[in-house]
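Asker: The primary structure of each chain is shown beneath.
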Amino acid sequence: MIAYLVRRMLYAIPILVGVNLLTFSLFFVVNTPDDMARMQLGIKRVTVDAIRQWEHQKGYDKPLFYNRAEDGIGRITNTIFWQKSASMFWLDFGYSDDGRDISREIRTRMWPSLAIALPTFLVGLIFYISFALVMTLFRATKLDQAGVALCVVLMSVSSLFYIIGGQFVISKLWHLVPISGYAGGLNSFRFVVLPVVIGVISGIGSSSRWYRTIFLEEMGKDYVRTARAKGLSEIAVLFIHVLKNAMIPILTGVVVVIPLLFMGSLLTESFFGIPGLGSYTIDAINAQDFAIVRAMVFLGSLLYIAGLMLTDISYTVVDPRVRLS
Amino acid sequence: MKRLAAYLLMVLLAACDGLWNAPYPAKDAYSSILYTAFTERPKHLDPAQAYSENEYALLANIYAPPLQYHYLKRPYELVPLAASAMPEVTYQDSSHHALPADTPQDRIAYSIYEIHIKPGMRYQPHPAFARDGKGQPVYDHLLPEQMKGVHAPRDFRLTGTRAVTAYDYAYQIRRLADPELHSPIYGVMSEYIVGLREYSQKLQEVQKKNPDVHPDLLAYPLPGVEVVDDTTYRIVIKGKYPQFAYWLAMPFFSPMPQEAERFYNQPGMKERNLTLDWWPVGSGPYYLSENDPNRRMVLEKNPYYDSERYPSQGEAGDGKAGLLDDAGKKLPLTGRVVFTLEKETIPYWNKFLQGYYDASGISSDSFDQAVQMSVGGEAQVSDEMRRKGITLSTSVATSTMYTGFNWLDPVVGGSSERARKLRQAISIAVDFEEFISIFANGRGVAAQSPIPPGIFGYREGRAGINPVVYDWVDGEPRRKPISDAKRLLAEAGYPNGVDQQTHQPLVINLDTTASGAGDKARLDWLRKQFDKINVQLVVRSTDYNRFQDKIRRGDTQMFYYGWNADYPDPENFLFLLDSAQGKVAHGGENASNYSNPEYDMLFERMKNMDNGPERQAIIDKMLAIIRSDAPWLWGYHPKNYVLQHGWLYNVKPNVMANNKLKYWRVDPRQRALYQERWNKPVLWPLWLGGTVLLIFAFWIWRALRKRDEAR
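Chains as they are written, first to last, in the numbering used here: chain A, 3 to 327; chain B, 1368 to 2078.
Hints were generated in silico from the structure; no laboratory data involved.
Warning: the hint list may mix true and false statements.
Using 25 angstroms as the maximum straight-line C-alpha spacing, the simulated BS3-like pairs for lysine-lysine come out as follows [as the list claims (entries may be wrong)]: (1) 46(A) - 1710(B); (2) 1637(B) - 60(A); (3) 1710(B) - 86(A).
A few chain B positions that, by computed beta-carbon distances, are all more than 10 angstroms from chain A [as the list claims (entries may be wrong)]: (4) 1408; (5) 1453; (6) 1480; (7) 1585; (8) 1597; (9) 1709; (10) 1718; (11) 1800; (12) 1834; (13) 1887; (14) 1915; (15) 1967.
Partial selection, computed: residues in chain A whose CB lies under 7 angstroms from chain B [as the list claims (entries may be wrong)]: (16) 43; (17) 44; (18) 47; (19) 55; (20) 56; (21) 95; (22) 96; (23) 99; (24) 101; (25) 173; (26) 174; (27) 176; (28) 180; (29) 181.
Built from N, CA and C at the ideal position, the CB exists for glycine as well.
Kindly generate the complete structure, drawing on both the sequences and the hints.
Answerer: What follows is the structure in structure tokens.
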């Protein structure tokens, strides 16, 4: 397994370089260093001289990929791409264009993101699986039909509606939790409840239907018939045997997102005033801050690759037949 | 398990602390705290760099420049803040011989501003000022182990303060020329402050030679700034520039202690975001005690601020409105100001209605809920707001939103009669009164020129209308009929919107960054305005960068633009049409590249004059020229609407002053009372939901049991 993991990690390097190259190219197709300077310095009373100085100070006055003015390796290393990208491979994200330490921002912002994303993920997972199992248990009955219809309705509603509706009903009409905001420590509980509840509700439709399909597929298999023939109750069949055998498809979709929980959610964080990582990237794109954009895309790719590896490892845990080699 | 239960109990207790939906700790309910919000994190908090409104909302309350705007008096008037009196201005000729005050401006080579600062002003408590028993700085040579666990200035055990001196003000002017800081006003100031350009060039040379070391700003001469003694300094300006006094009211000219720069330049500081751009060191009424721009920023009362009292004079009616009740009281009147990040308008508005923000603007979504128009057309709060004790204050912003014609364009630009009449026809056709009514909920004043109301040069009544677009009918301006626009269009060579020369329909392009669903209605409306005179409008939506690029290259026909005044002087609006400011030719602020030698000549005469009848006469002439040339659709001047709760006192709109917070006073007791009344938790849905869940679970259990029994 170790050899497999090492191989996967080595595969990750060209992927990360490729993602970096793509991000870099896309960013600089849309934004020139001049645009970035103007965005940082403001459009009012800014002089050409000030723009040149800013570009020089931030290292954006170099060629993008290839520096003809240099000799040898300097032709590659003394470019914007190299100087802004190479250090990320040892997780040195450097400073944003407005001078803040990006690693520090990420370390600070990931906790509020996790405070929302982790409970939403865990509570949601338990709830969706339970709900799907109940629908499976009562398959082809009116309860199942009502459950599926409810799922379709919930899937059809925009997540923005859940947020605004939830804030209106739970916070504005019933005064049960703050509409938005965040506090550290134990006080975060009251701010986290509503986004978590809304996050769970907004995911019921798609997730529960997906799990229901998986469970129904498993229900037709021979081992289920055998379990019933042995006299096991329907609950025992479902919660012990079917659930265990349905874990592979569930894990495929679930484990991969675990590392990405750090990255937060743009919409939720924006509406609830959560100081997480979700809005960090979008704010950076709006501010044309390449330093942050490249760091966040790199981190996202890295976490996604880590998620895929974790998924592979999890297969070996739930299914002894799977061997990583 | 016991530990988990205890933790859960603690969490629940924390959650039940005070009102359930209160976003603030219950212990602060009766404290003198002002609660407000910010929608965008500030980019800079260094007074040499900050220039935008959201930055000034904080910074103007932290730093104390020499001057400020009188909070209550109108028209806007400069008064001393850190200065003990208004600066004494003397003039010299090119040989540095003194000139009398009434010398014509063309003979004045230098203006000398002598500024005396109030003695005894002190900086906020800060570790940069901490001294040991021997009077030596405690944190001057920090070791890496001393930086462990340090994330903010408050993490240093010791703080100190010291008196503000004239040297600090002079030092900050030097910082404006520091090439590393990219001060946005360096370009303007280098034209006026004697020697500033040369000084900056010297710093650049030094920095080029040794890029790793920040140059010592005091090591090189700056003849335009001279410190006379601890409380007096002089700034030497080239020629006469009366508007310079307005710049002295901005944070750019605040004092900067060298200790603060030295403190933040130590190793390990930048990695912890400990910089002057993040943690200001000021001598104003507040200091920044918490800086988490992702969540909230907190201003705490500067305990050493003792130099200012609430004004005892204002406009007529201020006394009756209760705005002089606190006259003579020591400022600031509120102990703490909490700024919370609210990116979205809906939560901001709802929290205001719940009493968790003391004041709020009004978004378009909430306008009908908040405001209703009286029979006389005056805006007033709705009955719902009135029942809550909410009041409304309005003011016309010192800004202008216009649509420019590119003077370099062969169709709509230039001084030919054909192009001028075309622009005039479009000016009549585009009905900005309708625009304000539909898209701004009536929050604006149709512009007659670039100068908004309240600024010298603006004329009320018949004398102030734009005769090209309006007639004076029944005591009010009335837009000319569309037939006049059609006539002008025909005279321009486009009868019924068809070019006589090419026999093709006239098509005009508008460049804009507007492309969202919300902008579609505005653009459709604009097309309809052009349809009135049978001219086709093509909207070329583009992203912000490309739009700015087009403007810089003059590759537009028409475009939306706006200007927010730096200071309340007509020069700050009329320079937008000065050809020396042409965007394409000079990279200046004249985005339409308008050029008229007569206007330029009058502008040169007017710009440095003192306000008076002579200046007004010149402005009248200038306005007549640009109204006839019509390089802009004059657009409108937006109106600010602000709602405030009944427990917030001394709120008077002042669009120039950014340091208003020190005057505001809250009654926390009254606020807590209302918050409690408005925010009682409604618990029945919880009980109902719990019961339904239990019944459902029981029903499922029974159904399963029956099924198992049946098997």
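Asker: Now look at each hint and say whether the structure bears it out.
Answerer: Do the hints match the structure? See the list:
1. 46(A) - 1710(B): Status holds; Cα separation ~24 angstroms.
2. 1637(B) - 60(A): Holds, because 15 angstroms separates the two Cα atoms, which is no more than 25 angstroms.
3. 1710(B) - 86(A): 30 angstroms, violated
4. 1408: 8 angstroms, violated
5. 1453: 25 angstroms, holds
6. 1480: 21 angstroms, holds
7. 1585: 21 angstroms, holds
8. 1597: Residue 1597(B) clear of chain A: closest Cβ-Cβ about 33 angstroms, beyond 10 angstroms.
9. 1709: At about 6 angstroms from chain A, residue 1709(B) fails to clear the 10 angstroms cut-off, so the statement is violated.
10. 1718: At about 5 angstroms from chain A, residue 1718(B) fails to clear the 10 angstroms cut-off, so the statement is violated.
11. 1800: 29 angstroms, holds
12. 1834: Answer for residue 1834(B): holds, closest chain A Cβ roughly 32 angstroms.
13. 1887: Check passes; 19 angstroms lies beyond 10 angstroms.
14. 1915: 7 angstroms, violated
15. 1967: Its Cβ never comes within 10 angstroms of chain A, the nearest being 20 angstroms, so this holds.
16. 43: 6 angstroms, holds
17. 44: 6 angstroms, holds
18. 47: 5 angstroms, holds
19. 55: Result: holds, 5 angstroms to nearest chain B Cβ.
20. 56: 5 angstroms, holds
21. 95: With a minimum Cβ separation of about 12 angstroms from chain B (threshold 7 angstroms), the hint on residue 95(A) is violated.
22. 96: This interface hint is violated because 11 angstroms lies over the 7 angstroms limit.
23. 99: At 9 angstroms from the nearest chain B Cβ, residue 99(A) fails the 7 angstroms test, so the hint is violated.
24. 101: 6 angstroms, holds
25. 173: 6 angstroms, holds
26. 174: Check passed: Cβ of residue 174(A) comes within 5 angstroms of chain B, closer than 7 angstroms.
27. 176: Holds - the Cβ of residue 176(A) comes within 7 angstroms of chain B, reaching about 4 angstroms at its closest.
28. 180: Residue 180(A) check passes; min Cβ-Cβ to chain B is 4 angstroms, inside 7 angstroms.
29. 181: Holds - the Cβ of residue 181(A) comes within 7 angstroms of chain B, reaching about 5 angstroms at its closest.
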